[in-house]
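S.K.: Here is what each chain is made of, one letter per residue.
2 protein chains.
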Amino acid sequence: MNEREKLVKELEDYFGKKVLDDFKNERNPSIELIMRTLGNAYYNEKKRLIMLGNKKEKRTFLSLGQAKKFMQTLLIASQLKKNLQEDQPAIGTRQLFYLLKHNIEGTNENTFDEQRKETDPVVEDIEVTLDTLREKLGLFAVPDGYLVGSMKVYDRKTDDTLDYTKMGLGGGAIPALVEDEYYHIKEIGAKFILVVEKYQVWQLLNQEKFWKNNNCLLMTGKGQSARAPRRLLARLNREFKLPVYVFTDLDPWGYYIHSVYKQGSINLAYFSEKAGVPDAKFLGLTTKDIEKYDIPKKNWIKLNHLDYKRIKELRKYPWFKKKEWQDELKRLEEFKYKVESDSLVAKKIDFTAKNYLPDKIEKKDFLS
Amino acid sequence: MNEREKLVKELEDYFGKKVLDDFKNERNPSIELIMRTLGNAYYNEKKRLIMLGNKKEKRTFLSLGQAKKFMQTLLIASQLKKNLQEDQPAIGTRQLFYLLKHNIEGTNENTFDEQRKETDPVVEDIEVTLDTLREKLGLFAVPDGYLVGSMKVYDRKTDDTLDYTKMGLGGGAIPALVEDEYYHIKEIGAKFILVVEKYQVWQLLNQEKFWKNNNCLLMTGKGQSARAPRRLLARLNREFKLPVYVFTDLDPWGYYIHSVYKQGSINLAYFSEKAGVPDAKFLGLTTKDIEKYDIPKKNWIKLNHLDYKRIKELRKYPWFKKKEWQDELKRLEEFKYKVESDSLVAKKIDFTAKNYLPDKIEKKDFLS
Numbered sequence: 001m002n003e004r005e006k007l008v009k010e011l012e013d014y015f016g017k018k019v020l021d022d023f024k025n026e027r028n029p030s031i032e033l034i035m036r037t038l039g040n041a042y043y044n045e046k047k048r049l050i051m052l053g054n055k056k057e058k059r060t061f062l063s064l065g066q067a068k069k070f071m072q073t074l075l076i077a078s079q080l081k082k083n084l085q086e087d088q089p090a091i092g093t094r095q096l097f098y099l100l101k102h103n104i105e106g107t108n109e110n111t112f113d114e115q116r117k118e119t120d121p122v123v124e125d126i127e128v129t130l131d132t133l134r135e136k137l138g139l140f141a142v143p144d145g146y147l148v149g150s151m152k153v154y155d156r157k158t159d160d161t162l163d164y165t166k167m168g169l170g171g172g173a174i175p176a177l178v179e180d181e182y183y184h185i186k187e188i189g190a191k192f193i194l195v196v197e198k199y200q201v202w203q204l205l206n207q208e209k210f211w212k213n214n215n216c217l218l219m220t221g222k223g224q225s226a227r228a229p230r231r232l233l234a235r236l237n238r239e240f241k242l243p244v245y246v247f248t249d250l251d252p253w254g255y256y257i258h259s260v261y262k263q264g265s266i267n268l269a270y271f272s273e274k275a276g277v278p279d280a281k282f283l284g285l286t287t288k289d290i291e292k293y294d295i296p297k298k299n300w301i302k303l304n305h306l307d308y309k310r311i312k313e314l315r316k317y318p319w320f321k322k323k324e325w326q327d328e329l330k331r332l333e334e335f336k337y338k339v340e341s342d343s344l345v346a347k348k349i350d351f352t353a354k355n356y357l358p359d360k361i362e363k364k365d366f367l368s
Numbered sequence: 001m002n003e004r005e006k007l008v009k010e011l012e013d014y015f016g017k018k019v020l021d022d023f024k025n026e027r028n029p030s031i032e033l034i035m036r037t038l039g040n041a042y043y044n045e046k047k048r049l050i051m052l053g054n055k056k057e058k059r060t061f062l063s064l065g066q067a068k069k070f071m072q073t074l075l076i077a078s079q080l081k082k083n084l085q086e087d088q089p090a091i092g093t094r095q096l097f098y099l100l101k102h103n104i105e106g107t108n109e110n111t112f113d114e115q116r117k118e119t120d121p122v123v124e125d126i127e128v129t130l131d132t133l134r135e136k137l138g139l140f141a142v143p144d145g146y147l148v149g150s151m152k153v154y155d156r157k158t159d160d161t162l163d164y165t166k167m168g169l170g171g172g173a174i175p176a177l178v179e180d181e182y183y184h185i186k187e188i189g190a191k192f193i194l195v196v197e198k199y200q201v202w203q204l205l206n207q208e209k210f211w212k213n214n215n216c217l218l219m220t221g222k223g224q225s226a227r228a229p230r231r232l233l234a235r236l237n238r239e240f241k242l243p244v245y246v247f248t249d250l251d252p253w254g255y256y257i258h259s260v261y262k263q264g265s266i267n268l269a270y271f272s273e274k275a276g277v278p279d280a281k282f283l284g285l286t287t288k289d290i291e292k293y294d295i296p297k298k299n300w301i302k303l304n305h306l307d308y309k310r311i312k313e314l315r316k317y318p319w320f321k322k323k324e325w326q327d328e329l330k331r332l333e334e335f336k337y338k339v340e341s342d343s344l345v346a347k348k349i350d351f352t353a354k355n356y357l358p359d360k361i362e363k364k365d366f367l368s
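Line by line, the protein sequences are chains A and B. Our numbering puts the first residue of the first sequence at 1, with every later residue one more than the last. Our numbering puts the first residue of the second sequence at 1, with every later residue one more than the last.
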């Protein structure tokens, strides 16, 4: 049984046969789902990932508050099963919503009225409960991000071979579907991955052939990353053992972007296990870099009250409890300024590519 | 003299020599700039483009209100000239801001304190006044969008040849820099361009090989388009005579997205002349399509007060004054519903690719 067939069977067993069985045996039909509440999300110190715990909830049919959601869960599970069986192309969550939205015969009720409040949470429930990813269930999310460097990928659906050393200044688009059943990573010559927060910084590094001169993959998720770049990063790290270095602004938002690549996030705890890179290193900018690399004061920007508030929040997160991060957060507070990665051009346009990054990487001057 | 050398000379003549000459002749140094105010933007009926008029303003040195902006204009012009002369890589506007931000010696004043309010407007002033694009001045904006279909591009900076029939399910990234000095379009086999508003719709069409079956370029700018997709579209239409069809949701926002691809926008009037495609056709969704293609009522969504307000605004825009658009706007108002392009999957997952689009294109059933 391949992975797709296995998922079809699981959808059928878990959301079909089980419920049918309940009906036959005159039990209140029910399904058990892992809770995606904040209370069930936690930082797993051993795995160094934000994860969901084992708390479960029962969704039952004969319950005024749950009957509709119960029906919605079965409708979505059944549609996903059908799409997989018919080998339909992957669809977006908006399209799934429209496939299933209809009037319930003889009533004024619709199956679904809203995507965000109704369809999306059930999709997440199913992902979690079957311990899988929506992309494996034939659903995709809108991607955003670019990649260049020595990697060859075979696209199983289009028969194309993508060579990321030949993608021009624009770089290769990180696709919506980066699972192996779509996106088969064939060959990697690069020795590590540099993830850059800012598009402008990434673009300049690409023009300067940073990836070629340093034999790395150069990636950007354009700020806070969408699903696909995070998941691709995790695959590259786990399957190909590529070290991951993250380069962001010096501010709490930059630290946090790094932490999402690394440990994931509470909101998407169910996704973090599959998309986190616990070994990712924070390359910078760090407070110590400012003095070390003599980053000119004219380009520092005063921290505002939102920045200070965010620093305080980060200090409380369990995955920022390590001494080196508590120290860094404290130093930032005392420093009183933030420094954007874009600003390094003021030293020299090629300072980031020629001096800062190679030096940091050579000295392994990271936070982790 | 090539284009770059010409621009260097223009920057020098217009923002350097002229001002120096004023100083020497004891005139109040000044530069003349085309005004980018709303009052100077208009719809040119003959060219069918939103454009800037001829109103000019003088920016002078010996003026309390203008001295700083005068200095900023010269600083930016001089930096751009330097970058072009030194053949520096293109930089982003944030990077330009940091290159120029510094304390003015002996004062508490900075050259620039803010990018959006200070650097960006001056960049636009220089683009307009020299009748050029920032990309030709070595500046780029963050792009967003994907493209597939029969087109080959030679990237002059990286020596890569990009074949957009071999880009996999992710498609080719539309790069930040699509001017010929970077992005040399070598070969086009496609017969037209289909621009799709929604990423999800685009992705599904790409999976269904719509571009191959219909020999077109399939592009998305992901909603309201960034600079690069618009400019690339204009180049493909103007230089390669490719017809452009735009496919959006049935709602005033969709109509407007089409109109921006076609005539440009008031806010970026100076860009519209170079990025508009006056011959672009609105393929749909139109109000008439709903009946024609029997789009199920269960997927219509009631227009809300913002939609109605937007319809009223569109009816007043000169470029929506054509009878066919006034009629369409009126029909939408009377119809009372909007219909998203994603929703067509409810007919059948491949309805858009197999029925709707080919039929509309064959019958040339467009609004223009």
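Keep in mind that the hints are not guaranteed to be accurate.
Heads up, the list lumps identical chains together, so a pair's fine if it works in one copy or across two of them.
To be verified - Derived BS3-like pairs: lysine-lysine, alpha-carbon spacing no greater than 27 Å straight-line:
id	residue 1	residue 2
1	288	321
2	336	322
3	347	81
4	47	347
5	281	330
6	17	157
7	18	298
8	47	364
9	241	348
10	298	166
11	321	152
12	191	166
Derived from the structure by calculation, the hints contain no laboratory data.
S.K.: With reference to the structure, classify each hint as holding or not holding.
M.R.: Hints and how they fare:
1. Taking identical chains as interchangeable, the C-alpha atoms of residue 288 and residue 321 lie at most 27 Å apart only when both belong to the same chain, with a minimum of 19 Å there against 60 Å between chains.
2. For the identical chains of this complex, residue 336 and residue 322 are intra-copy neighbours only, at 22 Å inside a copy versus 57 Å across copies, given an alpha-carbon limit of 27 Å.
3. Taking CA atoms no more than 27 Å apart as the test, residue 347 paired with residue 81 passes between copies only; the shortest distance there is 19 Å, against 56 Å inside one copy.
4. For a Cα distance limit of 27 Å, the shortest separation of residue 47 from residue 347 qualifies neither inside one copy, at 40 Å, nor across copies, at 45 Å.
5. Taking the shortest Cα distances, residue 281 and residue 330 sit within 27 Å of each other inside one copy (19 Å), while across copies they are farther apart (57 Å).
6. In this assembly of identical chains, residue 17 and residue 157 lie within 27 Å of each other by CA distance neither inside one copy nor across copies; the values are 32 Å within and 59 Å between.
7. Taking identical chains as interchangeable, the C-alpha atoms of residue 18 and residue 298 are never at most 27 Å apart, the minima being 66 Å within one chain and 30 Å between chains.
8. In the homo-oligomer, the alpha carbons of residue 47 and residue 364 lie at most 27 Å apart inside one protomer (23 Å), although the nearest pairing across protomers, at 58 Å, exceeds that limit.
9. Taking the closest pair of Cα atoms, residue 241 and residue 348 never come within 27 Å of each other, the shortest separation being 33 Å inside a single copy and 42 Å across copies.
10. In this assembly of identical chains, residue 298 and residue 166 lie within 27 Å of each other by CA distance neither inside one copy nor across copies; the values are 38 Å within and 46 Å between.
11. For the homomeric pair residue 321 and residue 152, neither the shortest alpha-carbon distance inside one copy (38 Å) nor that between copies (51 Å) is at most 27 Å.
12. With identical chains, the CA atoms of residue 191 and residue 166 are at most 27 Å apart both within one copy (18 Å) and between copies (26 Å).
In this structure, the earlier hints numbered 4, 6, 7, 9, 10 and 11 are contradicted, and the remaining ones agree with it.
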